[in-house]
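Working from the sequences, and respecting the hints, build out all of it.
Chains as they are written, first to last, in this note's numbering: chain B, 1 to 212; chain E, 1001 to 1298.
Everything labelled a hint here was simulated from the structure, so no lab data went into it.
Backbone N, C-alpha and C define an ideal beta-carbon position, used for all residues, glycine too.
Take the hints with a grain of salt, since some may be wrong.
[Said to hold, decoys possible] Cβ-Cβ distance ranges computed for the label pairs, FRET-style:
#1 E:His1177 with B:Ala62: 49 to 59 Å
#2 E:Phe1151 with B:Ala62: 40 to 50 Å
#3 B:Arg123 with E:Gly1103: 26 to 36 Å
#4 E:Phe1196 with B:Asn33: 23 to 33 Å
#5 B:Glu61 with E:Val1169: 47 to 57 Å
#6 E:Asp1209 with B:Asp47: 25 to 35 Å
#7 B:Gln44 with E:Gly1044: 40 to 50 Å
#8 B:Asp128 with E:Leu1106: 39 to 49 Å
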Amino acid sequence: MRALILLFSVLAQSLAWSAALAAESPPDVLVRNVTNEVLTIVRQDRDLQAGSQKRAVELVEAKVLPHFDFAAMTALALGRDWRKATPAQQKQLTVEFRTLLVRTYSNALTAYKNQSVEFKPFRMHPGDTDVVVRSQVVQPGAKPVTIDYSLEKKAEGWKVYDVTVGGVSLVTNYRSNFAQEVRSGGIDGLIRTLQAKNRSLETAMLAGAIAK
Amino acid sequence: MMTSTSRKFLAAAAIGSAWLVSGCASTGGDPRDPIEGFNRAMFGFNEGLDKALIKPAAQAYDTVAPLPVRTGVSNAFSNVGDLWISLNNLFQGKPGQAASDLGRVLINSTVGILGLFDVATEMGLEKHDEDFGQTLGRWGVGDGAYVVLPFFGPRTVRDTFGLGADLYVDPVLNVDHVPSRNTLSAVRVVSDRASFLPADKVVREAALDKYDYVRDAYLQRRRSLIHDGNPPRERLGAAPAQDAGAEWSARVDPAHAGASLLLLGDSEPGQARTVEAGGASGSSSGSSGARVAAAPIR
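Quick look at the structure:
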């Protein structure tokens, strides 16, 4: 019981700490801290190194997601169709797109082996509310892969609204596909497609976990 | 004699197929992809070929060959390509990078034992990613239509011409001894494919439609490469409710396209000034107010 209380107080403290961090840190420090924190865990976690997707999703949910603005990401992926959606539809879209993105991001983590992450020099002007923090993943025997984080300043701190890997935005890369879905089946059609995709990934993940 | 003929044939075939294809009927809705029907068929063909032959070979290679061997092989092919990368940097008006690439070739070919070890990277001479398609892009040539070539995969019309030049000067394809040339080419395909194996799962799980996903990723990546990783930003300070889609669907006015391409060609990455495309949303990008103008060739 005492251990449990201790655990909760540590948890509460770390939550308060990360919230404070998010509110106060400049965007480059925020991204660097979160990246380092996640990579430290990945290096130590046996399950992750064995390719456990479930563990990767948990890690991303706990450490990375609080700093992401998924409504902004979904709006960016939908472009002009976003305004056609009702608030309820927007909410549903955001939930489904979030699930899909988390899995993509987690997948990238389980592929992590001997890479190290370097951050490029960061400059911002005092009044900036929209910035890009640039980093690159360096791995032996391969070209470095750039990862750029676009952040926007919100009331509750800096939030990531786009991640660009090797010049490819994980968000806007869906734009023409989403537009296609909306053209053929409306907003609800897109929601259904996303739900079906997420369900099939969920099934595949469970099957994979059982096979292990 | 034989070498030169087959080399020319490959280069000509790549360009020729793009021309042939350009004449086909159009399908689909994306203005960047007027021959989607043909492209989807070719995409299917390439996927089938990959599944049946290339991917299994790459997986076997990945299992059998130890990491130092795979790294050595990939380094050696990378080294062979650095001279052409150096020239392309020169063509693009980047003598500093060109010199650095030349330095890489000299160091890796000697200290790096025929390119097996990438000593230059450890010395701080970073590997660059250049090809003739990018050079054409820097010179102001627009993308043109998206094309999926058999065997080679996604390109644009411009990049197909670039590929023709890349193949023509390719050191491996210029090897005179035919069996050696064929073996080297095959090993290079397998080695390249093996390095993409981890990406397979990510794309498979992320994509709602793999064809769309690969096309959009290719076009974004090329745009980023042409600007050496600093393409003009598309969304600038836009709140979620703002119309983030406007600039995407906006067409470049043909009357201004030429001017915008000239501007793109002349200026440094990040400073590329372009004509404000009609219908673009009002968000500005600070000093230059730049917005990308990817003008398709019609």
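Hint-by-hint comparison with the structure:
no. : hint                                : result
1   : E:His1177 with B:Ala62: 49 to 59 Å  : holds, 58 Å
2   : E:Phe1151 with B:Ala62: 40 to 50 Å  : holds, 44 Å
3   : B:Arg123 with E:Gly1103: 26 to 36 Å : holds, 29 Å
4   : E:Phe1196 with B:Asn33: 23 to 33 Å  : holds, 31 Å
5   : B:Glu61 with E:Val1169: 47 to 57 Å  : holds, 49 Å
6   : E:Asp1209 with B:Asp47: 25 to 35 Å  : holds, 32 Å
7   : B:Gln44 with E:Gly1044: 40 to 50 Å  : holds, 43 Å
8   : B:Asp128 with E:Leu1106: 39 to 49 Å : holds, 42 Å
Of the hints listed earlier, there is not a single one the structure fails to meet.
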